[in-house]
Amino acid sequence: MSDRKIRVLVAKPGLDGHDRGARVLARCFRDAGFEVIYTGCHQTPEQVAATAIQEDVDLVGLSCLSGAHRVLFPRVVELLKEKNATDIIVIGGGIIPEQDFPMLYDAGIQAIFTPGASLDTIVEWIRKHVANHS
Amino acid sequence: MYFSDETQKTSHELTRKWEDDVQKALQSNPDQKERFATVSDLDISRLYTPEDIKDMDFGRDIGVPGEFPYLRGNQVTGYRGRHWTFRMFSGMGSAQDTNARWLMLLREGQTGLSTAFDFPTLMGYDSDSPRSLGEVGKCGVAIDTLEDFLALIDGIPLDQVTTSMTINPPATVLWAMYCAAADIKGVPLSKIGGTIQNDMLKEFIAQKTFMCPPEPSVKLISDTVEFGAKYVPRWNTISISGYHIREAGATAIQELAFTLRDGIEYVEDVIRRKKMDVDDFAPNLSFFFNSHIDFFEEICKMRAARRIWAKVMRDRFGAKNPRSLWMRFHTQTAGCSLTAQQPYNNVVRTAVEALAAVLGGTQSLHTNSLDEAFCLPSDHAVEVALRTQQILAEETGVINTMDPLAGSYFIEALTNEIEGKAWEYIEKIDAMGGMIAAVEKGFPQMEIADSAYKFQRQIESKEKIMVGVNKYVTEAQHVIPLVEIDEKMGEAQISRLQDVRRRRDNRAVLQSLSDIRTACKSGDNVMPHCIGAVKNLASLQEICDVYRDVYGEYRDPGLY
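Each protein sequence line maps, in turn, to chains P and H.
One point on numbering: in the working numbering, the residue at position 32 of the first sequence is 32, and numbering is uninterrupted.
One point on numbering: in the working numbering, the residue at position 64 of the second sequence is 64, and numbering is uninterrupted.
Calculated directly from the structure, the hints in this document are not laboratory data.
Predicted, not measured: the structure shown is a model, and the values here were computed from it.
Backbone N, C-alpha and C fix where the C-beta goes; we use that ideal spot for every residue, glycine too.
Any given hint might turn out to be false.
Computed spacing ranges between beta-carbons, pair by pair [said to hold, decoys possible]:
(1) Gln47(P) - Ile465(H): 30 to 40 Å
(2) Glu484(H) - Lys128(P): 29 to 39 Å
(3) Asp106(P) - Arg272(H): 50 to 60 Å
(4) Thr51(P) - Arg548(H): 50 to 60 Å
(5) Glu55(P) - Lys462(H): 52 to 62 Å
(6) Lys462(H) - Asn132(P): 22 to 32 Å
(7) Lys462(H) - Pro102(P): 50 to 60 Å
(8) Pro102(P) - Ala431(H): 18 to 28 Å
(9) Asp159(H) - Glu98(P): 42 to 52 Å
(10) Asn132(P) - Glu463(H): 32 to 42 Å
(11) Pro481(H) - Lys128(P): 50 to 60 Å
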């Protein structure tokens, strides 16, 4: 199993079009040797969850800069749970005030990276947690 | 620039001597790094001399304000007669919430309004659409029907204050609401002034709020240009925008080149589709640029923008009216230069960027607030941002003289370099068959993705510095008060919309939607029908669904 490349879905739930961070990360993950699927903007939580399952990813990285994360991020985790895909790790990023971190962690988001987080830190976090998971 | 033989000789000799001195000095005092480049990664020389601008001709390339090539400004008098417009982009929660913020800003000396809509409004969805889940009122104001719009502009004198609306795919609908509101308030269309952003090409390229494919999107834009030229002469019907292109990670040159090439595309479409003379609509085209943190690069970009556009309009389109040659632009300081770390530093960044915009000759300015790396700005943060502009205008003396940096070896050389590189992009996109074709190939999108990734890598390697992020980092938390939009706001908005649907004449709504559909299919101008529909209280999404149905929907190809 260790030969399998880490598969990551970078997803933009909601109507937010701020995709600079998501696209930079998608490219960074590809350079790090991951297999990357990028959804593009304007995905419903249902579309994100369906793609994650269909593509058999290890991890979903959600990006939202519109303030809708409090509703959309938990919804993605919930939908994965409904489809018994709890093995998929969900992390999030974007403009997310620290006061929202506890409710997102409680909802099952395993890590939150906000502007200023280094690319290497995010890649390392994923390597470590996907390895522990499988 | 003309320099006498003697001056050129002296310049040459002194420069050679200085170069030798530099080599010697570097032995004991080496530079802090190998390369010195702009934030866009353009290499900058240690010194500029007459040699760098010896090929320039004062009359041809520099001149005076109000004369071709308009490098130094469109109008002859500069900021002495009138400051740039202090125009703060704002919108939050309900129409009533935003109206309160607007009235506060006008009381504090703001001179123009600028509307931020929430994502459902920007994308043409009503607040009760499943697509709007979690987004209502979050990033701007929620507008579903004309009733919301009337609440938004309550107490605003539409014949005195100009209003800018950052709205793109549904620009026809929001502008129709503005026109209808003016009509209801008894203000003739000839008296209202403002701007709709209405620039779809940069949406496909960068900002990513889209609805229909590029071709019909541009058709709707040409409808507004035609309608404005005929009935709303004080309205800027497109604000051709580089701001979002830059925020998405473009360099200054990419921002400039893609924006101007977008402008060319719109002009060509109106001439071809509407058979209009260029001088009948070009004076109503406006522009919108980013003012990023690299001070001189931004000033030179704005100066180059005016000179390129004047050449494009005169030489490519044969415009005769001087107003057609004017590049008039709004500027916003760079959101992407702000940091969540040590947020008070953002006041300083914004002040420097605002100063660059003023020295670049902007007509209108938004200054970002210190808390905008977190959320919508608080009243206090907005006030500091507005005061930043007022301090520049009233205290610093920068308005006393026009284009004060002209003639600087460095400024003129960098302006020329940026212009030259922008022309290369414009010609490349011409060769691809225009901007719609280039967008369909993903060309500008991928150029920007390359630049964004390169910049991020330079931040990681500390080749580029952001204070508080990768240098001078502190553990201390600077706690600032954040604005939060209550989730209940969305529920109230939805019940208002549903109440309107119950009260209105639904037969009249269906008829006006059918009129829009007919206009879309026949290629007629949709604007008069949109005004009729919003007066009948058709909702934003009901009208946009007609567009989606007739023209099809565009989906993000997800390029990276």
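Verification of the hints:
Checked against the given bound of 30 to 40 Å, the beta carbons of Gln47(P) and Ile465(H), roughly 39 Å apart, stay inside it. A C-beta distance of roughly 33 Å is found between Glu484(H) and Lys128(P), which places it inside the suggested range of 29 to 39 Å. Look at Asp106(P) against Arg272(H): about 57 Å separates their beta carbons, and that is inside 50 to 60 Å. Checked against the given bound of 50 to 60 Å, the beta carbons of Thr51(P) and Arg548(H), roughly 22 Å apart, lie outside it.
The hinted window of 52 to 62 Å between Glu55(P) and Lys462(H) is violated, with their beta carbons roughly 35 Å apart. For Lys462(H) and Asn132(P), the Cβ-Cβ distance of about 31 Å falls inside the hinted range of 22 to 32 Å, so the restraint holds. A hinted range of 50 to 60 Å for the beta carbons of Lys462(H) and Pro102(P) is inconsistent with their spacing of about 33 Å. Checked against the hint of 18 to 28 Å, the C-beta distance between Pro102(P) and Ala431(H) comes to roughly 54 Å, which is inconsistent with it.
Between Asp159(H) and Glu98(P) the Cβ separation comes to about 46 Å, which falls inside the hinted range of 42 to 52 Å. Judged by the Cβ atoms, the range 32 to 42 Å given for Asn132(P) and Glu463(H) holds: they are separated by roughly 34 Å. In this structure, Pro481(H) and Lys128(P) break the distance hint of 50 to 60 Å, their C-beta atoms being roughly 36 Å apart.
The structure does not agree with the numbered hints 4, 5, 7, 8, 11 stated previously, though it agrees with the rest.
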